[in-house]
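In case you want the letters, here they are:
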Amino acid sequence: MSKASVRVRAIAKKELVEFVRDWRTILAILIIPLLMFPLLFILFPLLLASEAAELDALVVDVVVQGDEIPEDLGLILNNSTLNIMYEPLPELESLSSPEGDQDRLRNGSVDLVVRLQMNETILQYAVLYLSTSEQSLEARSRTFEVLSAWEDNETIQRIEAAGLDPDQTLDPLQWEGDTSQSDVATQGEQAGMALSLFIPLVLSVWTFSSAIQPSIDMTAGERERGTLEALLGLPCTRMELLFGKWLAVATITGAGVLLQVAGLLFAIGYLATSDIISAPSVSPAALLLLCLAVLLFAIMVVAFELALAMRSHSVKEAGSILGPAVLIILFPALFTQVINLDGIEAFWFAIPVVNVLLALRELLMNRIVYGHVAIWLISSTVYALGAAYYAARQFNREDIVTSLS
Amino acid sequence: MGPTLLSVRSASKRFGDVIALETIDLDIHEGEIIGLVGSNGAGKTTLLRLLSGVYRPTTGNVVLADGTQVEHARNRLGVVPENTGLYARLTAWENIRYHARIHGISDEEAWRRTMYFARHLDMADVLGRHTKGFSRGMRQKTALLRALVHAPSVLLLDEPTAGLDVTSARTVRELVRQLGEEGGTVIYSTHQLAEAQRVCNRIVIIHNGQVRADGTPQELLEQTQTHHLEEAYVALTTDVARPRQEDDKPLSKWSSWWRGLFTPKTPKEVGEDE
Numbered sequence: 001m002s003k004a005s006v007r008v009r010a011i012a013k014k015e016l017v018e019f020v021r022d023w024r025t026i027l028a029i030l031i032i033p034l035l036m037f038p039l040l041f042i043l044f045p046l047l048l049a050s051e052a053a054e055l056d057a058l059v060v061d062v063v064v065q066g067d068e069i070p071e072d073l074g075l076i077l078n079n080s081t082l083n084i085m086y087e088p089l090p091e092l093e094s095l096s097s098p099e100g101d102q103d104r105l106r107n108g109s110v111d112l113v114v115r116l117q118m119n120e121t122i123l124q125y126a127v128l129y130l131s132t133s134e135q136s137l138e139a140r141s142r143t144f145e146v147l148s149a150w151e152d153n154e155t156i157q158r159i160e161a162a163g164l165d166p167d168q169t170l171d172p173l174q175w176e177g178d179t180s181q182s183d184v185a186t187q188g189e190q191a192g193m194a195l196s197l198f199i200p201l202v203l204s205v206w207t208f209s210s211a212i213q214p215s216i217d218m219t220a221g222e223r224e225r226g227t228l229e230a231l232l233g234l235p236c237t238r239m240e241l242l243f244g245k246w247l248a249v250a251t252i253t254g255a256g257v258l259l260q261v262a263g264l265l266f267a268i269g270y271l272a273t274s275d276i277i278s279a280p281s282v283s284p285a286a287l288l289l290l291c292l293a294v295l296l297f298a299i300m301v302v303a304f305e306l307a308l309a310m311r312s313h314s315v316k317e318a319g320s321i322l323g324p325a326v327l328i329i330l331f332p333a334l335f336t337q338v339i340n341l342d343g344i345e346a347f348w349f350a351i352p353v354v355n356v357l358l359a360l361r362e363l364l365m366n367r368i369v370y371g372h373v374a375i376w377l378i379s380s381t382v383y384a385l386g387a388a389y390y391a392a393r394q395f396n397r398e399d400i401v402t403s404l405s
Numbered sequence: 001m002g003p004t005l006l007s008v009r010s011a012s013k014r015f016g017d018v019i020a021l022e023t024i025d026l027d028i029h030e031g032e033i034i035g036l037v038g039s040n041g042a043g044k045t046t047l048l049r050l051l052s053g054v055y056r057p058t059t060g061n062v063v064l065a066d067g068t069q070v071e072h073a074r075n076r077l078g079v080v081p082e083n084t085g086l087y088a089r090l091t092a093w094e095n096i097r098y099h100a101r102i103h104g105i106s107d108e109e110a111w112r113r114t115m116y117f118a119r120h121l122d123m124a125d126v127l128g129r130h131t132k133g134f135s136r137g138m139r140q141k142t143a144l145l146r147a148l149v150h151a152p153s154v155l156l157l158d159e160p161t162a163g164l165d166v167t168s169a170r171t172v173r174e175l176v177r178q179l180g181e182e183g184g185t186v187i188y189s190t191h192q193l194a195e196a197q198r199v200c201n202r203i204v205i206i207h208n209g210q211v212r213a214d215g216t217p218q219e220l221l222e223q224t225q226t227h228h229l230e231e232a233y234v235a236l237t238t239d240v241a242r243p244r245q246e247d248d249k250p251l252s253k254w255s256s257w258w259r260g261l262f263t264p265k266t267p268k269e270v271g272e273d274e
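Chains as they are written, first to last, in my numbering: chain A, 1 to 405; chain B, 1 to 274.
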C-alpha cells in the first residue's frame, strides 16, 4: 500500500471515528432515514383510519327545504346518518341562491341546506354548504350519497317502466374478462416504473442533504475549532486531505442513502397494501450503470459541498450557504418527475443533476438506451471532475489555515 | 554552533496589500532553542507557518540543509499551533496516533515514543481520556506529545505557555530545555521576553513584520547597549505596533456597505453630523 493511500485512509478513518462518536449525528443521518419510510407507511394509514372513524362519528345537521319531496327519497333521508330537519321551501330566484341561509351555515348552527323542488318529472335540487368546515363537507358528502342512491333507483324504475333492460341501457360498453391480464408489462417492470417516480428523488435529495453536516464539520468546523492548522503542518498533500475527507463524507452519505432506500423497500414490500409495487426487474447491466450514476453524482455533490464549506469562514456561514443549496437538487428532482421518457430529447441527459435523475429513472425501468448512457456518463464525469477540481482549488487556498476561533 | 538545519532565504509574505513579513534571512542550527519574540501581530505566527510549510513565501524560500523546500519535508518538523488543534471526540492517544499514522510511524513505535515523553509531562495516565474535558495545560502537553511522536528534527511551538498555569508552563519549559540538552532544535514563539530569556539560547525579535534583532541574549544587550533585555526590546521596537491583520481579510465593497447599514454611528460621528 502506498504512503499516500495510508494517509488518505488514516484521514478518512479518523473522520468516521469522530462521526460515529456523536450519537446525535448518527440519529439524524443514519437512524432517521432508516425508519422514516416504515414509520410513514405504518403511521399514515393509522392516521387516515382514525380521521375516517372520527368523521363517521360526526353528527351533522341538515335542513331539507321542499314542499313536494318524493316519498322514497324521504325514506332514504330518514334512514340515513344525517340529522334531518324539514322546512318549507322559501321564495327564491334560484335554488342555489344562499340568501336566508347564509348566516346559519356560516355560524355553524346548521351544517348543510338541501333545497328540493319538483318540476314536472324532474326533481331539481341545490345543496348549500360551507367549504371551510369539515363538518359541513362531511354533511355534503353524506347528502350526495343519499341523493345519488335515490337517483340510481329512480333511473332504474323509469327505464323498466319504459319496457327496457336497465343493464343494457345504462351499460352498453362492457369489459369482458380479467382487467389485470390486459397489461403486457411484467409486475417487475410496473414496479420499476412506480419506483422510478420517487427513488431518484429520494436518492438525490438525501445524498445532498445528508452530506451537508459532515462536509461542514470536516472543513469549516475544523477551521473554526483550530484543528486544521495542525493538520496542514503534516506531511500529507492537500489533495490527500481532500480525498480522505471526501471518502469519509461519501461513506456516511452512502450509508444514509442505502439505509433510506432499504427502509423504503421494506415499507413497500412488507407494509404497503398495493400489489403493483414489488421488486423491480432490473438487469445486472442496468444495476451496474445505476450504481455508476449514483457514484458520479455522489462524487460531484460531496466535492461541491466540501468546496463550498471550505470556502466559508465559519460553520454558520457554511450552513447558511449549503442549507438553501438543497434547492439546486430539489427543483430539478421535482421537474424530472414529470418529463416523459418516451421519445425524450438527448440534451436532457447533459444537464447537471437532471442527467443523473433521468438516468436513474430509465435504469429503474430497465431501459438501457446507449446514446443516453453515453451522454450522461460523459457529462456526469465532466461535472464530477469539475466539482473535484473546484474543491481542490478551495483546499489549496492558503487562507484556509486562518482560524476564527 | 551545530550544522544548519533550516534556512529562510530572503523570504517575505504578503496577504493582498498587507505585508505580513518583510524580507527575512534566518539560519536555524542544530541544537538551538530559538525564541521568536514580538508583540501580537508582529509576524511570529506567519514566520512559524512559513517555517512549517503551511504558508508559501511570496518571495524567497525556506529550505532544509539539503536544499529541499520545507513544504516537501514536513515529516522532519513537529508543529504545535497556538490553539493546540486537538480533536475533542478523540482520546489523547488517538489524537497522537492520528498524526503518527500520517507521518508513517507504526502504532507500536508511536506508543513507545509517546510514553517516553508522557512520563516527563505527567500525562501517562490520561492518554486514554477524551480531550474534551482537558485543561489548557493538558491540551498543550498532548499537542507537544503529538508533535514529538515522529522524532522531528525541528520542533515549532507557537506560544506554548500562553494561558497555562504556573506549574504547566514550568513543565513545558523544562521539556523544551531537556530537548535542547539532548541536541534537539526548537523554535519557540512568545511575547514574553522573560520566558524567552529563561528557555532560549538565541532570541529573534520581530516587530511589524521585520527582524529587528537576532542573537544570544548577551549579543542583544551589546547591540543595544542596554543592561536588561526588556530595555533592549524597547529600544528595538520604538515604532507603534501594528494591529493583527493576517486573519482579517478586507471586506468586499458590498459586504462593507451591507454591514454599515446595521452599524450605529459612534457618538463622535453623530457630533460631526450635527
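I should point out that these hints are in silico values taken from the structure, not numbers from a laboratory.
Honestly, I wouldn't trust all of these hints.
[Claimed, not checked] 27 angstroms max Cα-Cα, derived DSS-like pairs, lysine-lysine:
no. : chain 1 : residue 1 : chain 2 : residue 2
1   : B       : K265      : A       : K13
2   : A       : K316      : B       : K132
3   : B       : K265      : B       : K253
4   : B       : K268      : A       : K316
5   : A       : K316      : A       : K3
[What the hints assert, rightly or not] Label pairs and their in silico Cβ distance ranges:
no. : chain 1 : residue 1 : chain 2 : residue 2 : range
6   : B       : D165      : A       : I328      : 33 to 41 angstroms
7   : A       : I328      : B       : E30       : 50 to 58 angstroms
8   : B       : G133      : A       : R367      : 36 to 44 angstroms
9   : A       : K316      : B       : R136      : 53 to 61 angstroms
10  : A       : L295      : B       : V166      : 51 to 59 angstroms
11  : A       : S96       : B       : W258      : 27 to 35 angstroms
12  : B       : R136      : A       : Q337      : 52 to 60 angstroms
13  : A       : Y390      : B       : Q69       : 54 to 62 angstroms
14  : A       : W23       : B       : R136      : 49 to 57 angstroms
15  : A       : T237      : B       : R136      : 46 to 54 angstroms
From the three backbone atoms N, C-alpha and C, an ideal C-beta is built for every residue, glycine too.
Going down the list of hints, with the structure as the test:
no.	hint	result
1	B:K265 with A:K13	violated (51 angstroms)
2	A:K316 with B:K132	holds (22 angstroms)
3	B:K265 with B:K253	holds (19 angstroms)
4	B:K268 with A:K316	violated (33 angstroms)
5	A:K316 with A:K3	violated (35 angstroms)
6	B:D165 with A:I328: 33 to 41 angstroms	violated (50 angstroms)
7	A:I328 with B:E30: 50 to 58 angstroms	holds (55 angstroms)
8	B:G133 with A:R367: 36 to 44 angstroms	violated (57 angstroms)
9	A:K316 with B:R136: 53 to 61 angstroms	violated (25 angstroms)
10	A:L295 with B:V166: 51 to 59 angstroms	holds (56 angstroms)
11	A:S96 with B:W258: 27 to 35 angstroms	violated (57 angstroms)
12	B:R136 with A:Q337: 52 to 60 angstroms	holds (55 angstroms)
13	A:Y390 with B:Q69: 54 to 62 angstroms	violated (26 angstroms)
14	A:W23 with B:R136: 49 to 57 angstroms	violated (27 angstroms)
15	A:T237 with B:R136: 46 to 54 angstroms	violated (32 angstroms)
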